[in-house]
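Chemist: What follows is each chain in one-letter form.
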Amino acid sequence: MSKSINIVTSTIVPINIENIDTDQIIPARFLKATSRDGFGKNLFRDWRYENDDENQPKKDFVLNNPTYKGKILVAAKNFGCGSSREHAAWAIKDAGFDVVVSSFFADIFKNNALNNFLLPVTVSEPFLQKIYDAVEKDANTSIEVSLPEQTITIAATGESEKFDINAYKKTCLLNGYDDIDYLLSIRGEIEKFENERI
Amino acid sequence: MAKTLFDKIWEKHVVKNVEGGPSVIYIDNHFIHEVTSPQAFKGLENRNLPVFRPKQVVATADHNVPTLNQHLPIKEELSRIQVQTLKDNCAKFGIELYGLGHPFQGIVHVIGPELGVTQPGKTYVCGDSHTSTHGAFGAIAFGIGTSEVEMVLATQCLMQSRPKLMRINVDGELNKGVVSKDIILHIIAQISASGATGYFVEYAGSAIRSLSMEARMTICNMSIEMGARGGMIAPDQVTFDYMEGRLFAPKGEEWTKKVAEWKELYSDADAKFDVEINIKAEDIEPMITYGTNPGMGIGVTGHIPALSEIEDREKPSFEKSLHYMGLEAGASIKGKKVDYVFIGSCTNSRIEDLRMVASFVKGKKKAEDVEVWIVPGSKQVEKQAIEEGIDKIFEEAGFQLRQPGCSACLGMNEDKIPAGKYCISTSNRNFEGRQGAGARTLLASPLTAAAAAVTGVISDVRELI
Ligand code: SF4
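Just so you know, the sequences run in chain order L and G.
Residues are numbered in the numbering used here as their position in the first sequence, beginning at 1, plus a constant of 35.
Residues are numbered in the numbering used here as their position in the second sequence, beginning at 1, plus a constant of 3.
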């Protein structure tokens with residue numbers, strides 16, 4: 036897993052569905068593992084296979100369509116709603132994605148993604164539509180996501196939009212730091228806080 | 004300056020504010036369960052760290068556990084390993100575990116309040132989105148991912164940005180047959196499954212004040228289903244009466260002192276919210292969902308929206324959802340046959356829910372071709388139900404009272420709804436495959452679920468009471 040993100044340029048995998056919940060991203064029956072690895076093969080499991088059978092891929096589902104590949108997943112509004120399972124972020128990352136683009140992310144998913152160096156990029160509805168249009172025209176269309184510049188650009192048309200990310204998280208992602216590294220570094224302050232509040 | 008309930012608690016828990024970023028928030032209690040904790044413990048091991056404050060962690064096994072024959076070893080291997088891993092980790096890191104066989108075992112969001120761990124003015128997290136349940140006591144409680152579980156185990160803190168605040172006022176009197184589950188399903192149907200994303204919600208108003216603690220928990224529980232980080236209700240005498248005498252609740256002088264402090268926990272009269280929503284209790288009907296997210300709900304006598312009522316952009320998702328559910332746009336839902344009835348989950352598995360169902364079904368029988376599962380939220384709820392003779396009422400009605408756990412709420416154990424079958428469920432999520440691959444979930448209150456159990460079809464409980 037790449038720790039740290041800078042500029043990601045890639046073709047995309049478009050899923051034009053709203054309210055994709057974490058039960059679709061990774062169904063509960065795959066949450067029984069006790070490690071973080073190997074979730075990618077069960078990403079969107081029930082949308083991907085007929086009768087839960089890997090020999091029966093559903094032809095019309097985008098992950099089974101070799102035309103679409105890349106490191107950027109593009110989904111419609113309210114992506115990642117539902118459960119707090121970080122397994123959803125692990126599955127997406129493990130399947131080879133570094134960026135997820137949507138017009139709206141559920142809160143917990145967004146945090147989980149950031150904690151796993153999977154960059155959630157929130158774009159406007161019109162810009163999202165432009166991405167879908169571009170990829171419909173040309174499946175090989177490529178997108179550049181620049182974390183330092185906080186921009187997302189459709190290569191074919193040059194159309195670009197800025198995205199938000201808080202300054203602290205941006206530094207973490209660029210440098211490969213975790214929140215936990217930071218929290219451990221201030222344990223003295225935490226103890227002081229505990230002693231003073233009683 | 005006027006303060007909100009949220010801010011009063013938040014400010015007391017800020018360890019420090021990080022330049023250009025989130026705040027470091029101190030967590031009073033951390034609930035853990037078998038599914039979202041193993042990778043966090045592994046993380047600690049990799050870093051060679053102990054659990055920072057093991058006494059502030061409460062553990063239970065709930066998601067994977069069987070609801071029949073809990074005294075036998077778990078049959079399914081992966082479930083067994085996960086439950087065992089929790090046991091090993093708790094022993095190793097010095098954490099109290101209310102695991103299988105323990106008289107306190109149960110769904111994590113049921114046992115916290117029941118044991119008096121959940122208290123006003125405190126902060127709670129759990130690797131589980133329905134942690135919002137605990138907010139019913141006037142606490143800040145929210146779900147986190149496994150990396151965050153690791154952070155809290157290691158430091159008792161989290162990095163969080165202060166969310167925006169929303170207040171939902173429900174005023175007036177509830178109609179006959181309408182209960183707290185209907186209130187929250189109504190709210191989510193109004194504002195949609197993403198309507199509160201980015202917000203922490205405070206529920207207020209006379210209809211909320213009139214609710215019992217159990218009913219308040221049902222409402223806060225489902226805050227996440229409209230995207231909210233958490234939900235909360237200011238504590239009052241109802242809260243204190245529920246808490247007094249519980250195992251971990253303060254006692255004696257400490258109790259008196261705490262109650263005085265808790266009475267200060269409310270939003271000041273002129274406190275500002277980013278969004279305020281007003282709902283009339285009289286407008287709420289017994290609710291049911293027809294689609295595959297909790298925002299797709301209607302009154303039981305209503306009809307599913309026609310395609311023409313749906314915005315173009317939303318049509319593909321809407322049609323996909325109805326196709327999965329095997330339902331028609333524009334159709335009414337009353338009278339639709341159901342195959343399973345599930346009464347349980349951290350939304351509606353407390354003693355009051357079971358009492359409500361029992362008083363409705365007393366002397367009635369379930370419809371012949373319906374299977375009814377009642378899964379209590381905890382060992383203590385189960386015990387109390389038996390002491391009160393509720394188990395007998397269920398038995399006579401042909402309902403099966405099982406043992407505590409998450410069960411068919413997410414079907415991680417054997418309790419799955421078969422593909423294509425309809426299940427009226429008191430749980431909180433109707434996502435595709437949530438109750439088993441291909442299962443079709445209709446969310447409703449325990450009363451509406453009990454009505455369907457008796458008639459075999461979706462019914463208006465108001466006609467039956
Ligand atoms: S009962 Fe359902 S929603 Fe509640 S904690 Fe268990 S799985 Fe989650």
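Honestly, the hints are just simulated from the structure, not real lab data.
Everything numeric in this text was worked out from a predicted model, so none of it was measured.
Hints are not guaranteed to be accurate.
As the list claims (entries may be wrong) - Below, computed lysine-lysine pairings styled on DSBU-like, alpha-carbon distance capped at 35 Å:
no.	chain 1	residue 1	chain 2	residue 2
1	G	K395	L	K93
2	L	K94	G	K318
3	L	K67	G	K261
4	G	K323	G	K340
5	G	K78	G	K90
6	G	K19	L	K227
7	L	K76	G	K19
8	L	K76	G	K95
9	L	K172	G	K318
10	G	K339	G	K323
11	G	K395	L	K227
Chemist: Evaluate each hint against the coordinates.
Modeler: Structure-based check of all given hints:
| no. | hint | in the structure |
| --- | --- | --- |
| 1 | G/K395 / L/K93 | 48 Å, violated |
| 2 | L/K94 / G/K318 | 22 Å, holds |
| 3 | L/K67 / G/K261 | 41 Å, violated |
| 4 | G/K323 / G/K340 | 21 Å, holds |
| 5 | G/K78 / G/K90 | 17 Å, holds |
| 6 | G/K19 / L/K227 | 11 Å, holds |
| 7 | L/K76 / G/K19 | 40 Å, violated |
| 8 | L/K76 / G/K95 | 32 Å, holds |
| 9 | L/K172 / G/K318 | 22 Å, holds |
| 10 | G/K339 / G/K323 | 20 Å, holds |
| 11 | G/K395 / L/K227 | 55 Å, violated |
Comparing the model with each earlier hint shows violations of hints 1, 3, 7 and 11; every other hint is respected.
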